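Chemist: Going down the list, the sequences are from chains A and B. So the first sequence is numbered by our numbering: it starts at 1 and just counts up by one. So the second sequence is numbered by our numbering: it starts at 1 and just counts up by one.
No false leads were mixed into what you were given.
Once the Cα atoms are required to be at most 25 angstroms apart in a straight line, the calculated DMTMM-like pairs of lysine to aspartate or glutamate come out as:
1) A:210 x B:567
2) A:284 x A:257
3) A:284 x B:34
4) A:210 x B:568
5) A:284 x B:33
6) A:210 x B:625
7) A:210 x B:547
8) A:210 x B:627
9) B:772 x B:658
10) A:210 x A:170
11) A:210 x B:522
12) A:284 x B:27
13) A:210 x B:555
Hint data in this document are derived by calculation from the structure and do not stem from the laboratory. None of the values given here were measured: they were computed from a predicted structure.
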Amino acid sequence: MTPSPAGDDGSESPGVDPEGLVASAVDRLAMITTLTALDELQTDLLGKRSALARAHQGLVALDPGERPEAGRRLNEARRQIESHLAVARRALELDERSTRLEADRLDLTELIGPALRGRLHVVQRTRDELEDVFVGMGFRVAEGPEAETDWYNFEALNMPPAHPARGMWDTLYLEVGEPETVMLRTHTSPVQVRLMESQGPPIYAVMPGKCYRRDTPDARHIPTFHQIEGLVVDRGISFADLAGTIETFTTAYFGADIHSRLRPSYFPFTEPSAEYEITCTICKGSGCRTCSQTGWIELGGCGMVDPAVFAAVGLDAEEWTGFAFGFGIDRCAQMRHEIPDMRVFFDNDVRVLRQI
Amino acid sequence: MRVPLSWLTDFAPFGGDPVDLASTLDDLGLVVEEMLHVGEGLGDVVLARVLEIGAIAGADRIRRVVVEAGGGPVEVVCGAWNFHEGDIIAFAPVGSVLPGGFEISRRKMKGVVSNGMLCSGRELGLSEDHEGILIVHDADSSGVGDSEVPPAMAPGTRLVDALGIGPDTVFDIAVEANRPDAWCVAGIARDLAAALHLPFTLPAPPRPASDPGAPVATLTTVEVVDEDLCPRFTARVLLDVVVGPSPEWIARRLALAGMRPINNVVDASNYVMLDLGQPTHPYDLDLVAGRGLRVRAARPGEIVTTLDGVERRMGERSVGMGDDRRDCLICDAEDAPIGIGGIMGGATSEISSSTSRVLLEAAYFTPMAIARSSKRLSLRSEASARFERGCDPEGIDRAATRLCELLGATAGERYRNAEGVLDVRGLVPDPARVTVRTARVNAVLGSELDDEQVVGYLEPIGFTCTSQSAGVVDVTVPTFRPDTEREIDVIEEVARHHGYANLPRRRPFTPQVGGLTPYQRDRRMARQVMAGLGAHEAWTASLLGPDQQARVGIDGGVRVTNPLTPDESVLRQSLLPGMLGALAFNADRRQGEVRLFEVGHVFPPPEPDRVARALARSGSTVIAEREVLGLALAGLGDDARNAAAAWQVLVDAFGIIDVELVAPGAGRADEPASVPAGLHPTRWARLVVSGREGGPGHVLGVVGEVDPTVLTEFGLDAEHRRVGWLEVDLEALLDDAPRRSVLVTPVSRFPSSDIDLAFVVDESVPAASVEKTLRQEGGELLESLALFDVYRGPGAPEGTRSLAYRLRLCAPDRTLTDQEVAEVRARCIAAVEQAHGARLRG
Chain A
1 MTPSPAGDDG
11 SESPGVDPEG
21 LVASAVDRLA
31 MITTLTALDE
41 LQTDLLGKRS
51 ALARAHQGLV
61 ALDPGERPEA
71 GRRLNEARRQ
81 IESHLAVARR
91 ALELDERSTR
101 LEADRLDLTE
111 LIGPALRGRL
121 HVVQRTRDEL
131 EDVFVGMGFR
141 VAEGPEAETD
151 WYNFEALNMP
161 PAHPARGMWD
171 TLYLEVGEPE
181 TVMLRTHTSP
191 VQVRLMESQG
201 PPIYAVMPGK
211 CYRRDTPDAR
221 HIPTFHQIEG
231 LVVDRGISFA
241 DLAGTIETFT
251 TAYFGADIHS
261 RLRPSYFPFT
271 EPSAEYEITC
281 TICKGSGCRT
291 CSQTGWIELG
301 GCGMVDPAVF
311 AAVGLDAEEW
321 TGFAFGFGID
331 RCAQMRHEIP
341 DMRVFFDNDV
351 RVLRQI
Chain B
1 MRVPLSWLTD
11 FAPFGGDPVD
21 LASTLDDLGL
31 VVEEMLHVGE
41 GLGDVVLARV
51 LEIGAIAGAD
61 RIRRVVVEAG
71 GGPVEVVCGA
81 WNFHEGDIIA
91 FAPVGSVLPG
101 GFEISRRKMK
111 GVVSNGMLCS
121 GRELGLSEDH
131 EGILIVHDAD
141 SSGVGDSEVP
151 PAMAPGTRLV
161 DALGIGPDTV
171 FDIAVEANRP
181 DAWCVAGIAR
191 DLAAALHLPF
201 TLPAPPRPAS
211 DPGAPVATLT
221 TVEVVDEDLC
231 PRFTARVLLD
241 VVVGPSPEWI
251 ARRLALAGMR
261 PINNVVDASN
271 YVMLDLGQPT
281 HPYDLDLVAG
291 RGLRVRAARP
301 GEIVTTLDGV
311 ERRMGERSVG
321 MGDDRRDCLI
331 CDAEDAPIGI
341 GGIMGGATSE
351 ISSSTSRVLL
361 EAAYFTPMAI
371 ARSSKRLSLR
381 SEASARFERG
391 CDPEGIDRAA
401 TRLCELLGAT
411 AGERYRNAEG
421 VLDVRGLVPD
431 PARVTVRTAR
441 VNAVLGSELD
451 DEQVVGYLEP
461 IGFTCTSQSA
471 GVVDVTVPTF
481 RPDTEREIDV
491 IEEVARHHGY
501 ANLPRRRPFT
511 PQVGGLTPYQ
521 RDRRMARQVM
531 AGLGAHEAWT
541 ASLLGPDQQA
551 RVGIDGGVRV
561 TNPLTPDESV
571 LRQSLLPGML
581 GALAFNADRR
591 QGEVRLFEVG
601 HVFPPPEPDR
611 VARALARSGS
621 TVIAEREVLG
631 LALAGLGDDA
641 RNAAAAWQVL
651 VDAFGIIDVE
661 LVAPGAGRAD
671 EPASVPAGLH
681 PTRWARLVVS
691 GREGGPGHVL
701 GVVGEVDPTV
711 LTEFGLDAEH
721 RRVGWLEVDL
731 EALLDDAPRR
741 SVLVTPVSRF
751 PSSDIDLAFV
761 VDESVPAASV
771 EKTLRQEGGE
781 LLESLALFDV
791 YRGPGAPEGT
801 RSLAYRLRLC
811 APDRTLTDQE
821 VAEVRARCIA
831 AVEQAHGARL
841 RG
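With these hints in hand, go ahead and build the complete structure from the sequences.
Modeler: Next comes the structure, spelled out in C-alpha cells:
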C-alpha cells in the first residue's frame, strides 16, 4: 500500500494546489516497481476519493469568476498525472515482459539425438534423375519383371536357343519349368519386347530396372545391377534420331560441356550397333587416368532395332524403324559421385548412405 | 587381338602416326584397347644359354641359375621356373637398362650374388607374358639338342639382332563377336586399308612342291561321320619335315602377338591362324593309329585327354547353351579320340623333334557346334574362339598353302608335300546375295548417300556389287563375312565405312507427353515419406542363401539352377532377411540406431499354371513377383509402435481409406491364423484392405516387431534393442486400395462438442476393434476420433487396460443439442461394453 499524503487527507480546502498534486504524483510514481502497485497508485491519484477528485468537487464552492481558471488547472493536473501514469505503465510492462521472456530462454543448439531425414539410395536417386531427363524429352517409363522367360530375355531379341551371343551374358537360370527356360533377366531389354508386344508403336519409353548376371563382384562390376534402357519405335526413325537423342540426353544429364559419340559395336538385337561414349567427366576430354588418356569414357550400347526383333513381335520392319540404347545406372552414380568401389552400393553402410 | 603394325604392312602400305591409325581402327569398331611401343631400349639385352639350375638353401621360390652369355659363366638368381638347362633365354647383364628405365644392378639374395636378370616378355615390353622368362629357343620342344643352337642364337648375340627387332607398335584390338573376319591381321588390314583408301593385297602363296610318287590318299584317310558338325575337312601330308626352330621373324611376330614360339611346324600353324584367321592342326602322322582321321560326334561320357593334360568328359549336359550334347571329336582311324575338333588337340599325336611326316588338318567346323562345346567344356582356345564366330570355309586352301610356304624355309631340303589333298566337303555356306536399296540405307541411317557412295564403301572390303536398277544394288557377300546375310547387315557396313561421326544428328519429335504413371509417382512419394521418417533407403540382395531365409522362418521359393555361391541360390520372398543383414552389418560397425527402408521385388514360389502360361508366351510374368516396401526401425524406443505409426503416416500421405491393422484377437472371419514369418508372436498385426460388403479383406502386409530370437540369429543384440518392421505390397497399396475422394466437403459452420470416454478393456481385445465400434456408433455426427491415452495400473484390473478416446461430434446444419450428444455418448458406451466386454471407467 502506498500511504496517502497525510496533509491532503480530509482537507476540503478549495485552495488545493494542482501543480503540487502533479509534483507529488511524480514523486510517488518514482517509487513504484510493480504493475499491481501502479494500479493502486492510479486509484489513489485519480479515483473518486482522490485529492484531485475532491478538488473538482470543491470547484462549486469557488467564486464563479475563479472557477474557469481553477478548473483548467485541475484538468491540466489530471492530464499530466495520467500521462505520467501511462509512461510508467509502459515501462513496467516492458520490464515484466523481459523478465518473463528471460525466464523462458532456450538454447536451440542443445539438440539431443536430432531427428534427421533419411536419404534416398544413391542408385535409386540416380535412376529418378535419369527418368526425369527422359520424361522431359517426352518419354514414358516402363517396367517389367525380373524373372523372365527365355523368349523375352533372349529369343525375341534375335538370340535363338544356343546362339553364341548368349555367351555375352552369364545367365542365372531359375529352377522353374524346363531347364534353361526361366532366368533372372540379364538386361532390361526384355521390357522392350513386352512393350512392343503389348502396346505397339509409336513407342518412346525408357525402361529402368534391376538385372542379374552370374559374375563375381569387383570395383566396377556387380552381379546385381541397374540398367536403364530406351526404346523408340515410330515411322521414319533413323540412326540420326538415335545419335540426336543420345546427345540431348548426355548434355542434359551430365552438363553442357559433356558430349557423346557413337562407334561401331555389336549387339544381337540392334543393327547397326554402336558403343556409346561420353566426354570424360573427370578431365572434360583433355585426357586423364580415368579415361586412359582418350578423353572419352564408355557408357553403354545402342543401335537401330534389328529387323529380327521386329519380326519376333510381329511388327513390319519396312513400316516401322526404331532405336534402342542402354547403360548402367550404377555406373552413372559411380561416375557422378566418384565412388571408387561399386560394392558399397549394397553394403548399406549408413555412414555411406548418409553422405549422398 | 594383338596386331603389330609391321605385320599389318604385309597387306597394305600403312604409314603415318600410329595414333591416327588407332583412331581410324576405333571408328571402324575395331577398338584399340592399348597401344604398345616395343623394341625400344633393348640394346643391352643379350641371349644367354642356361648352363645349370640349382636350388638355394632356405629358398623355395628362387633358384640359382648359371648362364653363358658369351663371356663365360655368370651366376644369377631367378624366380621363374619355366625354363630348362640348354634353353636360350633373354639376359640383361649388370649395368644394362631395360625399357622403362629400370637399371640392372648386382644384388645378393639368400647369400647368392645375382649378376644380372633373366627377363620376361613383359619386362622387355615384347609381350604380356609375365609367367616366366622369355625363352628364345627351347632346347626340348624344338627337337634340337643343346649343342645344336643355330649360329644366329649364339650366346652373347644381342636380342634385337637375334629376333630382328626394330621399333614397332602393337595394337591390342577388341574384336566384336560378329567380326570373325577381323580376328586376323589380314582382316584388320582389309578394313583399315578400305577406310584409308589404300590398296589391300592378300598375297597368294605358291603351291608347295609335291611328290607325285606319294599321293596323299595312299598315306592317310579321312572320314567325316557327322558332317553337320564339320562341313569341310581337308588333310594334307607333309613329308620329310625337319622339326626345328622357326626363323627369327616368325618367332618375333608370334611373341608380339602374345604367342610363344615352340617349333617351326607348330609356329607355322599359329602364324597362319594369326595371319589369315584359319586355325589348322598338325599331327605326327606316324603317331596317329591307323594313320587316318575320323570326325564324329562324341558319345556321352567319352573321355579325351587334351594337349594341356586334362581329361575331359564329352557329351555332358550343361546349362546355358542348349543341350544337344554333341561335341565334335577327331579320332584316329581306329576311332579312338585324339582331339576335340576345332577346340584342342590331344597329346598323343603332338609334333615333336622326332616327327618326320606331318598330317595337316585344315577344316571348317560349324560355329554353333563349337560355341556349344567350348561352353560346355569350359574350354576356350585361339582356335575355338575363331571357329565359333565363323571362319571362312573357302579360306582353308590359302591358309594351308601359306603354312607349307612358311615351313619351306626351315623344314629341311627334303621337305615336300604328298601329292594332292583329301577334301571332304559337305554343306558349306554359300556366299550370301543381298539386295540393297539405297533409299533404305538412307532411311535407316538418316543419310543422303547415292548408289555410287554405297558401292564405294562396300567394294574395298570385298563385297561384290552389281547395279540392278537405279537405287538398287545386288551385293554378293564374301564367305569370310558370315555375319552379313541381310540388307540391314550391309547397311551396317556402309555406316561403318561412312563413319558414324559423319551421320547427321536429329532429335525425334515425340507425339506424346512424357511422364510417370500414377504408380511411379506415388512410389517416389512413398520413398520420400519413408525418408521423412528418418529411414535411409537400402538395397539388399534379391538372392539369398536358404539359411538366411530359414532364420526368419521362410522356406522354399524360387531356386537358382547355377548359383555362383550357395549364399545366392534362392530368390527372396520377403525383404526381412536382407534388411536384418543390413542392420547387423551396421551394428557391427557401431551404427546400431538405424532406420532403413527398401522398395524391391519379392518372389513367391512358382505356380505351375502361371509358369506354363508364361512359357506359352501369354505375356504374363512367369513368377508372381511383387514390388514391396520394407521398413526396419532399430531405434532405442519401442519401434513396434513406431512401425505402426509409420504405416499410419504412409496411409495418410496417400489418403488411403478402408485399410486396417488387424491384430490377433479381433474375432474376425479374416483374422490371421498364424504369426507372420520372423515376427514377435505377441507384437504384430496384419495390414488389411476392408473387403467389399463385409467380405474378407485383402492382406497387404504386416507390421510389428521382429522376433528377438530371429534378431539373435542375425547377430543383433536382442537384449538391448527391439526392431520394428513394416512390409507392405506397394503395388496393391498404391494401385488398388481405396482412397479418399478428391472432392472437398465444406466444413460445418456450427460448433462441435467433445465426448471423452475411457474404457477398461481386456488385453486380448485390439484397440482397433474398440475404435471400429465407436466409429459405427458415432455415425455421421462423428467428426473425429482419437485414442489419447492408454493406461495400465490401479483402477484397471490385471489383464486389462484403459483406453481413453475423444470423440468430436458436429452436424453440418445445426448446433447439436445436449440431448443429442448425450444420446451418442450412451450409444457408444453401450455398444463398446456389449461388443468387447469393456467397462466405462468412472
